[in-house]
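Heads up: the protein sequence lines correspond to chains G and S, in order.
Residue numbering for the first sequence follows numbering that gives the first Met the number 0, starting at 0 and increasing by one per position.
Residue numbering for the second sequence follows numbering that gives the first Met the number 0, starting at 0 and increasing by one per position.
There's no promise every hint is true.
[Said to hold, decoys possible] Not close to chain G: a few residues of chain S, all C-beta gaps over 12 Å, as computed:
hint: 1; residue: Pro40
hint: 2; residue: Leu41
hint: 3; residue: Gln45
hint: 4; residue: Asp65
hint: 5; residue: Arg95
hint: 6; residue: Lys102
hint: 7; residue: Ile107
hint: 8; residue: Val132
hint: 9; residue: Leu134
hint: 10; residue: Gly151
hint: 11; residue: Glu152
[To be verified] Short derived list, chain G residues pointing at chain S, Cβ under 7 Å:
hint: 12; residue: His33
hint: 13; residue: Lys42
hint: 14; residue: Arg58
hint: 15; residue: Ile62
hint: 16; residue: Ile143
hint: 17; residue: Tyr271
Don't read these hints as lab results, they were simulated from the structure.
A quick note: this is a predicted structure, and the numbers were derived from the prediction, not measured.
Cβ atoms here follow ideal geometry from the backbone N, Cα and C, with glycine treated the same way.
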Amino acid sequence: MRKIKIDPVTRIEGHAKITIQLDDDGRVSDAQLHVTQIRGFEKFTEGRPFYEMPSITARICGICPVSHLLASVKACDAIMAVQIPETAAMLRELVHCAQIVQSHALSFFHLSAPDLLLGMDSDPAHRNVLGLIEQHPDRARDGIALRKFGQQVIEWLAGERVHPSWTVPGGVNAPLAPEVRDRIRAGLLGAKAIAHRTLDFFKGAVEEFAEEIASFGNAPTLYAGLVDAGGGLQLYDGRLRFKDAEGAIVADQVRPRQYARYISEATLSTSYMKAPYYQPLGLAGGAYRVGPLARLNVADRCGTPEADAEFAEFHQRYGRVAQSAFHYHHARLIEVIYALERMEALVEDSAILDTHVRAHAGVNALEGIGIIEAPRGILIHHYKVDEQGAIRWANLIVATGHNCLALNRSIRQVCDRFIDGNHLSEGMLNRVSAVVRAYDPCLSCSTHAMGLPDLHVRLVGADGAVLDEVWQ
Amino acid sequence: MKKTKLATVWLDGCSGCHMSLLDIDEALIPLAGKIDLVYGPLVDAQEFPKGVDVTVVEGAVSSRDDLEKIRLIRSRSKVVVAMGDCAVTSNVPAMRNNIPVKKMLETIYGAIPIDGVPPLLRHAVPLHDVVKVDLHVPGCPPSAKAIALVLGELLEGRTPDLAAKVRFG
Numbered sequence: 000m001r002k003i004k005i006d007p008v009t010r011i012e013g014h015a016k017i018t019i020q021l022d023d024d025g026r027v028s029d030a031q032l033h034v035t036q037i038r039g040f041e042k043f044t045e046g047r048p049f050y051e052m053p054s055i056t057a058r059i060c061g062i063c064p065v066s067h068l069l070a071s072v073k074a075c076d077a078i079m080a081v082q083i084p085e086t087a088a089m090l091r092e093l094v095h096c097a098q099i100v101q102s103h104a105l106s107f108f109h110l111s112a113p114d115l116l117l118g119m120d121s122d123p124a125h126r127n128v129l130g131l132i133e134q135h136p137d138r139a140r141d142g143i144a145l146r147k148f149g150q151q152v153i154e155w156l157a158g159e160r161v162h163p164s165w166t167v168p169g170g171v172n173a174p175l176a177p178e179v180r181d182r183i184r185a186g187l188l189g190a191k192a193i194a195h196r197t198l199d200f201f202k203g204a205v206e207e208f209a210e211e212i213a214s215f216g217n218a219p220t221l222y223a224g225l226v227d228a229g230g231g232l233q234l235y236d237g238r239l240r241f242k243d244a245e246g247a248i249v250a251d252q253v254r255p256r257q258y259a260r261y262i263s264e265a266t267l268s269t270s271y272m273k274a275p276y277y278q279p280l281g282l283a284g285g286a287y288r289v290g291p292l293a294r295l296n297v298a299d300r301c302g303t304p305e306a307d308a309e310f311a312e313f314h315q316r317y318g319r320v321a322q323s324a325f326h327y328h329h330a331r332l333i334e335v336i337y338a339l340e341r342m343e344a345l346v347e348d349s350a351i352l353d354t355h356v357r358a359h360a361g362v363n364a365l366e367g368i369g370i371i372e373a374p375r376g377i378l379i380h381h382y383k384v385d386e387q388g389a390i391r392w393a394n395l396i397v398a399t400g401h402n403c404l405a406l407n408r409s410i411r412q413v414c415d416r417f418i419d420g421n422h423l424s425e426g427m428l429n430r431v432s433a434v435v436r437a438y439d440p441c442l443s444c445s446t447h448a449m450g451l452p453d454l455h456v457r458l459v460g461a462d463g464a465v466l467d468e469v470w471q
Numbered sequence: 000m001k002k003t004k005l006a007t008v009w010l011d012g013c014s015g016c017h018m019s020l021l022d023i024d025e026a027l028i029p030l031a032g033k034i035d036l037v038y039g040p041l042v043d044a045q046e047f048p049k050g051v052d053v054t055v056v057e058g059a060v061s062s063r064d065d066l067e068k069i070r071l072i073r074s075r076s077k078v079v080v081a082m083g084d085c086a087v088t089s090n091v092p093a094m095r096n097n098i099p100v101k102k103m104l105e106t107i108y109g110a111i112p113i114d115g116v117p118p119l120l121r122h123a124v125p126l127h128d129v130v131k132v133d134l135h136v137p138g139c140p141p142s143a144k145a146i147a148l149v150l151g152e153l154l155e156g157r158t159p160d161l162a163a164k165v166r167f168g
């Protein structure tokens with residue numbers, strides 16, 4: 000018996016290591032992902048005024064602070080029991096789409112493109128964004144420019160690129176200036192050109208990765224995402240839909256406050272990341288995935304013309320349900336186009352300049368739930384407050400957490416396919432990391448899930464055996 | 000010209016400081032010719048190498064892993080920069096400090112994970128509590144401009160003058 004460690008897993012957002020057990024013949028007998036960071040936001044926010052929650056929880060993640068800001072202000076809207084002005088909702092969606100663009104650009108270009116362009120087996124000393132700049136300067140320039148556009152729009156709207164304080168309970172704290180709208184409009188054209196160029200390149204190159212596609216986590220799972228009333232893709236608002244691996248809808252139009260009926264969580268002994276599962280099917284059969292791949296699997300359409308053309312081609316290529324985690328990359332690039340088209344539609348609507356952008360109120364409800372599609376999937380903020388608005392209890396179910404079970408299975412699958420303990424190479428281990436990268440996990444976010452109201456905790460050992468069970 | 004060996008490290012933070020580093024945008028391109036990025040979340044090195052010229056550290060020291068890592072980093076780096084409020088003051092990670100660790104973890108997990116995960120320290124602390132720090136760059140995160148200035152000056156072998164260029168929060 001030997002043990003191999005990948006510590007740290009690199010070019011991902013967050014802290015993780017992977018341990019791989021080999022048997023006496025050098026074959027993989029077990030593989031575990033350990034998420035190693037935990038900060039306890041749900042606990043230390045107890046007692047804080049609810050309106051502090053957006054700026055505190057934004058600090059969970061520097062890549063997608065806007066996601067936490069939005070899920071948090073939506074939970075706060077619910078506590079105030081206000082309907083926010085329509086323009087405020089439009090502006091929130093606009094900043095959200097900018098974030099989708101910058102976060103997806105980071106995942107594709109800065110983190111995963113070194114594998115895709117320089118090669119899975121290329122020299123690890125140069126297999127990074129600086130190596131990309133040296134060897135594929137045009138592609139690298141595109142990546143930097145696309146990410147910059149998303150970050151700039153966030154800065155123009157919200158004042159700062161990271162941890163801005165513009166989105167507030169009740170709306171946003173300043174309207175959109177016409178000159179900012181014009182700047183966004185002017186930048187969209189170039190950003191769209193990059194997005195299409197990149198997607199065309201990716202579609203041309205994807206054949207080279209047939210082996211990875213065949214083994215990068217294509218075990219069937221359920222998929223979950225938000226959709227609008229007509230089943231179209233939704234990122235800022237919408238209701239939950241679950242589909243099974245064959246593409247049949249198993250739950251639809253689930254309201255945010257019903258989430259606990261469908262999602263339960265197990266605690267793993269091996270990780271600070273918990274393992275949510277689709278409650279009706281239990282821990283063994285309830286693994287589901289979220290994020291770009293899941294969203295394109297659950298939605299009937301994107302709802303914007305250019306993304307819809309790509310959506311149709313995506314499903315033509317990979318079937319009604321695209322199973323391989325490798326297709327996350329493809330789905331991510333389609334979503335960039337969708338986000339840019341949505342931004343275009345929003346800034347072309349004259350209502351976006353309306354100056355009534357905030358509703359004011361005190362505590363009108365003792366509980367609030369906010370739900371959005373973060374770049375990496377469904378994000379839920381759930382707060383309970385006292386009459387004065389102090390947080391009594393908080394629960395954050397974070398995008399990457401939903402993928403925990405599937406991520407572990409995908410790692411095992413890639414290990415089984417590529418790891419040969421007798422002839423170990425760096426490139427084999429890099430493929431294990433690469434499947435993690437395909438999910439674009441945000442692990443500093445992922446450990447913030449906390450017990451659901453009627454929590455059933457199962458402590459699951461490394462071998463999958465249930466070591467302990469607690470009902471609370 | 001010999002390239003400067005730069006490492007970036009992420010302890011208990013949110014990656015916002017690393018994002019602010021990437022927010023120097025096109026300035027990354029000329030940087031690629033001047034530095035060897037030898038360790039960090041953006042590159043694939045598994046071990047922190049010896050003889051690093053400049054190490055930029057984001058995040059507070061919160062777990063036993065963090066503590067071991069920062070001690071090793073200090074022993075292998077000529078210059079250590081505490082980048083951002085978490086590294087400088089322990090900031091948000093320290094908000095858990097008045098809650099006993101066991102109580103916090105039990106509330107969150109019911110049964111506390113123990114296999115392959117590092118135990119938390121009693122308190123999340125800033126870098127200078129446990130190692131010598133050569134430069135403090137506050138901000139949540141520090142602006143891309145401030146980070147570009149810090150890197151530019153350090154690459155030239157000078158100590159950056161950050162007066163009026165940074166602030167907490």
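Results of checking the hints against the structure:
no., hint, result
1, Pro40, "6 Å, violated"
2, Leu41, "6 Å, violated"
3, Gln45, "7 Å, violated"
4, Asp65, "9 Å, violated"
5, Arg95, "4 Å, violated"
6, Lys102, "8 Å, violated"
7, Ile107, "5 Å, violated"
8, Val132, "21 Å, holds"
9, Leu134, "20 Å, holds"
10, Gly151, "16 Å, holds"
11, Glu152, "20 Å, holds"
12, His33, "4 Å, holds"
13, Lys42, "5 Å, holds"
14, Arg58, "5 Å, holds"
15, Ile62, "6 Å, holds"
16, Ile143, "6 Å, holds"
17, Tyr271, "5 Å, holds"
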